[in-house]
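Protein chains: 4
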Amino acid sequence: MRKLILVPFLLTLMVFSGFGQRKIVNLPDIPGYVTLKCDFHIHTIFSDGNIWPTYRLTEAYRDGLDAIAITDHIEYTPHKSYVPVDQNAAWKLTEAAAKESNIILVHGAEITRSMPPGHINALFITDAEALRKDSVWDVVGEAVKQGAFIQWNHPGWKAQQPDGIPRMYDLHKRLIAKGWINGIEYFNEEEYYPLVFTFCEQYNLALMGNSDIHGVISEKYTKPDYTNRPMTLVLAKEKTAESLKEAMFAGRTLVYFGNMLVGREQYAKPFFDQCISIGKPFYEDGKNVYLEITNNSDLPFYLVNGVSDAPKSVTLAANSVTRVVLSKKIKTPLVYDVKNVITGENKVLKVTLSY
Amino acid sequence: MRKLILVPFLLTLMVFSGFGQRKIVNLPDIPGYVTLKCDFHIHTIFSDGNIWPTYRLTEAYRDGLDAIAITDHIEYTPHKSYVPVDQNAAWKLTEAAAKESNIILVHGAEITRSMPPGHINALFITDAEALRKDSVWDVVGEAVKQGAFIQWNHPGWKAQQPDGIPRMYDLHKRLIAKGWINGIEYFNEEEYYPLVFTFCEQYNLALMGNSDIHGVISEKYTKPDYTNRPMTLVLAKEKTAESLKEAMFAGRTLVYFGNMLVGREQYAKPFFDQCISIGKPFYEDGKNVYLEITNNSDLPFYLVNGVSDAPKSVTLAANSVTRVVLSKKIKTPLVYDVKNVITGENKVLKVTLSY
Amino acid sequence: MRKLILVPFLLTLMVFSGFGQRKIVNLPDIPGYVTLKCDFHIHTIFSDGNIWPTYRLTEAYRDGLDAIAITDHIEYTPHKSYVPVDQNAAWKLTEAAAKESNIILVHGAEITRSMPPGHINALFITDAEALRKDSVWDVVGEAVKQGAFIQWNHPGWKAQQPDGIPRMYDLHKRLIAKGWINGIEYFNEEEYYPLVFTFCEQYNLALMGNSDIHGVISEKYTKPDYTNRPMTLVLAKEKTAESLKEAMFAGRTLVYFGNMLVGREQYAKPFFDQCISIGKPFYEDGKNVYLEITNNSDLPFYLVNGVSDAPKSVTLAANSVTRVVLSKKIKTPLVYDVKNVITGENKVLKVTLSY
Amino acid sequence: MRKLILVPFLLTLMVFSGFGQRKIVNLPDIPGYVTLKCDFHIHTIFSDGNIWPTYRLTEAYRDGLDAIAITDHIEYTPHKSYVPVDQNAAWKLTEAAAKESNIILVHGAEITRSMPPGHINALFITDAEALRKDSVWDVVGEAVKQGAFIQWNHPGWKAQQPDGIPRMYDLHKRLIAKGWINGIEYFNEEEYYPLVFTFCEQYNLALMGNSDIHGVISEKYTKPDYTNRPMTLVLAKEKTAESLKEAMFAGRTLVYFGNMLVGREQYAKPFFDQCISIGKPFYEDGKNVYLEITNNSDLPFYLVNGVSDAPKSVTLAANSVTRVVLSKKIKTPLVYDVKNVITGENKVLKVTLSY
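If you read the sequences in order, they're chains A, B, C and D. Quick note on numbering: this note's numbering labels position 199 of the first sequence as 199, and the sequence is numbered without any gaps. In this note's numbering, each residue's number is its place in the second sequence (first place is 1) plus 355. In this note's numbering, each residue's number is its place in the third sequence (first place is 1) plus 710. In this note's numbering, each residue's number is its place in the fourth sequence (first place is 1) plus 1065.
Bear in mind the hints are in silico, worked out from the structure with no lab data behind them. Be aware that a few hints might be false.
Below 30 Å or equal to it, Euclidean Cα-Cα: the simulated DSSO-like pairs (lysine-lysine) are [to be verified]:
1. 642/B <-> 575/B
2. 1088/D <-> 930/C
3. 1039/C <-> 575/B
4. 733/C <-> 1310/D
5. 1198/D <-> 733/C
6. 809/C <-> 1088/D
Distance windows between CB atoms, simulated [claimed, not checked]:
7. 312/A <-> 1043/C: 19 to 25 Å
8. 115/A <-> 1042/C: 34 to 40 Å
9. 137/A <-> 1014/C: 44 to 50 Å
10. 289/A <-> 930/C: 44 to 50 Å
11. 577/B <-> 1198/D: 52 to 58 Å
12. 318/A <-> 1383/D: 56 to 62 Å
13. 984/C <-> 378/B: 42 to 48 Å
14. 1014/C <-> 115/A: 28 to 34 Å
15. 636/B <-> 289/A: 57 to 63 Å
16. 605/B <-> 329/A: 41 to 47 Å
Keep in mind that this is a model prediction, so the values were computed, not measured. Just so it is clear, CB atoms sit at the ideal spot from N, CA and C, and this is done for glycine as well.
Whenever a hint applies, use it, and build me the whole structure from the sequences.
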């Protein structure tokens, strides 16, 4: 019989008084490392962004990030008639609040040149004003002198690379030879560049993934396909600026966007293993065994290319339990390709499910 | 500089082939027990519901439930001109699928009388057809003979109790005296009855919370205030029908709906403790210490009535990290009332935060 | 300066007392006709659906439909062990409520055969029980005798047509020759069959689009790509059962699903014209003229293949105003293909924008 | 029978090339006037906002507004260490884009004083730099000299009026006496001040409603209770800056927020009439007449206090059709209070439904 009348509900929203609130990005640590969620490419009104620096921190806090870099353009400052150029302004405005928010604020800037070398982020610098120099060699040299990690940004950006295919110019090779490029963006904004994986393997560089946000994060990353900004997941020994930097120079990164996780197998494999747990069979009948696989992460996993009597494909939805029905006739181990965990330009993670 | 063109995204939805998918209800186990998420009050077309029994199982699976009971009315079968009365039909139609879905299917029925005693669910019965008897004493007696757990449903339902206030009639007391009422619904559909807590304490009964769904679960429980149906959380020794029943008779339940958790302090307190972890201070300045509290559960906690220099209130949002800024002058322990964890008719959980 | 404190908001949800509420499907009438939104393919628990008939009416009401047919399978009744077969049951259970809800209830049934002819809906019948006959000819003959409009369902359904391509068998041609097929589904559930347009043109049949729903409408049609079920838009002289039937036999239909509108140009063209209004230029500068186009409908329009100096493409989002900036150099009329208004198997609507 | 396989869907998002897209705010014109949707209280980084001026225009365009004023604080410029004070900067940066977007950009500024007079917006000024003066009388006088409409902002803001109750100080009365206050905010941000209606009636001023936004509009106004910012609806003879100003000085405004519409009966009544249409009865039986009321607006209407046999309350949901079942015994006209259309401090709109 249906209810006719509701008892009114007491529960109301409460005012937050002096407290922040921060989403838990459900991506696990791997043995030996903490997984720091980072965005190393962010703009503010101090170059061509629409947002005041402290609001970038608010966004990062809400998004559950551990580290960000604000990286306004050095050479492109279209607001300068109203806002005097001060390449360190965003840093100075956010430094104190970052500390109080448990966010590692990486001092950065975007060196903004035509291709080659294109756009380059200098991260972990100490003075962005010193990066106003004509020669690319001088400016990157100065950044390196300040201790910078050098990231080559969006190498396949069509404004600079009309076919959308990243190209390693001689200039890049010479910078790399000196240790003056340390990472390349695989993800940028809503784009990705498969070839970057090969570059990173060839030259032993870190894979990077960042938002390059100019507008409002919450307006951009609320699509069915992606509700988070791209992130660089840095596998650091602990959550400190020093550990972060050490891990980046050591190339211990995975990059994450939408439904994709990209990175070297040595990191992607234990990451997958931390996300997934396979339960004991909860039931069997004459033909089949029934079990559940729990994916305790924000990332779904699309397992494909199952062999013989095993299910052809298994989708392990994010933060969900998936029931798997296995024929008792299966003799071979359950081997799958994880379609959305990319471990090379043309390679995906291969996993074996044991139960 | 803004991106002009998107590289099209490869990721597409994949077809599920023979696999189910099940939400993780993020409510923790407590030491010594697994927390089984249950709904013991569900209708189908076999009484006055709109849904075929197997679809009830689909809904429960999707919602991440561990156990359900389909409890069609014994005495109220408005579809009988088209659907012959068979009180065991829903059970027979779902039994096999429940096993294959890792859901404990509790055989049940709703004894549907005017007040007193009102509506009563018989759970863990073996034959609902045997419950068609005139006398309340005969029908409850038969259910008890079958081993039933007897639940008194929606005692404050206005159709039967016009002022909305549950009333313990003499008949109820006599049933209880014989052990023939074992639990009472505190939550039903979208209602709740604070007085039920007192009844349960007085007579040592289990608190129950269920949906009493007649229509479509996903259409009913997608409000801003509640995205889940009401649930009885049974603290069982393991996930089996026997353990479930033992725990219910032992009164080891918490009930959950919207932002509210209701139950005896001995269970609510360890439940809260499992949800919350308090980090070490990550920063301090001259005046304050900064730390983070992680609420790793689907339930927010509203802490109020902070004393002296401590924050007056702290909202620990669900699945979130909350920053807390504490004055260094605080001498007293951080004691709070958890406004939405109800441990008595007029009582809420009191907690002390240690850091 | 930021506000500190909220004045609490008075507005609360009100209880609906004896009133229904019905969405406005914002799809316009065209000159001379009202556009009736219809779904002629719906299942209930009386064949293999999960929903009780009256709830189908609730769904249709909420969705703003003008007419529905419940069309349970004649030959496929898997619930028969518990629900005796009565092909008119759903009709009898919903007839009165339909009248009270301003929904035209079309008496229907699905003749469920292997291919050919596959599945066929008989609409506007008077007695579905009389359709239990062995021979296809007998059953369709009986339906026609009752005055039925005959709809060939999902001709490319892979369970019956493994390559997914609809095929006109000899049996279909012979039925059509007798006037015993009057329409074909172009949309069914989430599928569509471009070839059906050609069949309908060749044999002068009505294009049909329906949900074929077995589960819950609100759970199925809440995807980013489609928030409504497929609909047959019938261009009737007035909202009556007789006008509806007349229009269907006359082939005055458009079919609508997701972002697609499909139908003969003679109906699609005035429909587009009713959706769109082009404003006078609101501004001009040395180079350009600025104007706004209002799309006052739930359907977006994707205009492509603009020529010479005109914009290459214009997206007129649903229920939105779109600004168009036109170079003053444009000499040619603004001619576009409306990519998502399909007027033939390989043809889309061509429009000229006049301002 | 269920479908097994989906034909993949062609429909993809299209790139917007040089075109804008603008929501239709579905609030009707009234006879003789166009209803301009306006927000006259907006901040940017040039005072204490977080957003660059041109993005305010983007937000307004998306929200379907006809007119906005950017009104940065004159006396409160916390960003001045990095952004030199230029009170006209936001105006100069947005003027051209506003013209190209069909948005009337009202040149404005917020005179920011302690109470009394509190905060005051000067609208339709020509030079905000000239408003930097010590004396309130001098600054308001200068604004008036420039032709300004003077709006008293958030008179019940607790930072200045701790009990939250607006108070008309002697200074306000003297300003009003000179014609130097022309409107008062009834809605500001998420607050509202019932007493403002009385002030506006007493002194013949315009009711105003604005966002006072400092952060991101789309993040603030996406609550269950309100999906739009507060708006001043100006009933202008045509959509021009001159007509807008004329209507404001004439007090032809309604204010809108959440589910509330507030304004003088002479405007609220025809507005309601334009939203609602009552259909002819579509059905009757022995006891009742059935008809439909269409609410073709974004505003729901809560009709209460029905008398005798009429329904006690009728909720006309936004953009919906509501069925009304009327007893044939009803003799009296259908008179209701529209609970959410406020026509005085303690008065709501009274309507008679004729069918």
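Between residue 733/C and residue 1310/D, does the CA-CA distance stay at or below 30 Å? Roughly 37 Å separates the two Cα atoms, so the pair is violated.
Residue 1198/D paired with residue 733/C [C-alpha distance capped at 30 Å]: violated (55 Å)
When you take the CB atoms of residue 318/A and residue 1383/D, is the distance between them in 56 to 62 Å? violated (34 Å)
Hint says 44 to 50 Å; check whether the CB-CB distance for residue 137/A and residue 1014/C agrees. holds (47 Å)
Satisfaction of the hinted span 44 to 50 Å by the C-beta atoms belonging to residue 289/A and residue 930/C: violated (31 Å)
Could you see if the CB distance from residue 577/B to residue 1198/D stays within 52 to 58 Å? holds (55 Å)
Can you let me know if the beta-carbon spacing of residue 984/C and residue 378/B is within 42 to 48 Å? holds (43 Å)
Restraint status (C-alpha distance of residue 1088/D to residue 930/C at most 30 Å): It holds: about 26 Å lies between the C-alpha atoms, which stays within 30 Å.
For the range 57 to 63 Å, tell me whether the beta carbons of residue 636/B and residue 289/A fit it or not. Distance hint for residue 636/B, residue 289/A is violated at roughly 49 Å.
Given the hint that residue 642/B pairs with residue 575/B, test it: the Cα-Cα distance must not exceed 30 Å. Roughly 48 Å between the alpha carbons, so the hint for residue 642/B and residue 575/B is violated.
Hinted pair, alpha-carbon criterion (30 Å max): residue 1039/C, residue 575/B. Please report holds or violated. With Cα atoms ~57 Å apart, residue 1039/C and residue 575/B exceed 30 Å; violated.
Status of the given 34 to 40 Å range, CB of residue 1042/C versus CB of residue 115/A: holds (37 Å)
Figure legend: structure checked against the earlier numbered hints; hints not met, in rising order: 1, 3, 4, 5, 6, 7, 10, 12, 15.
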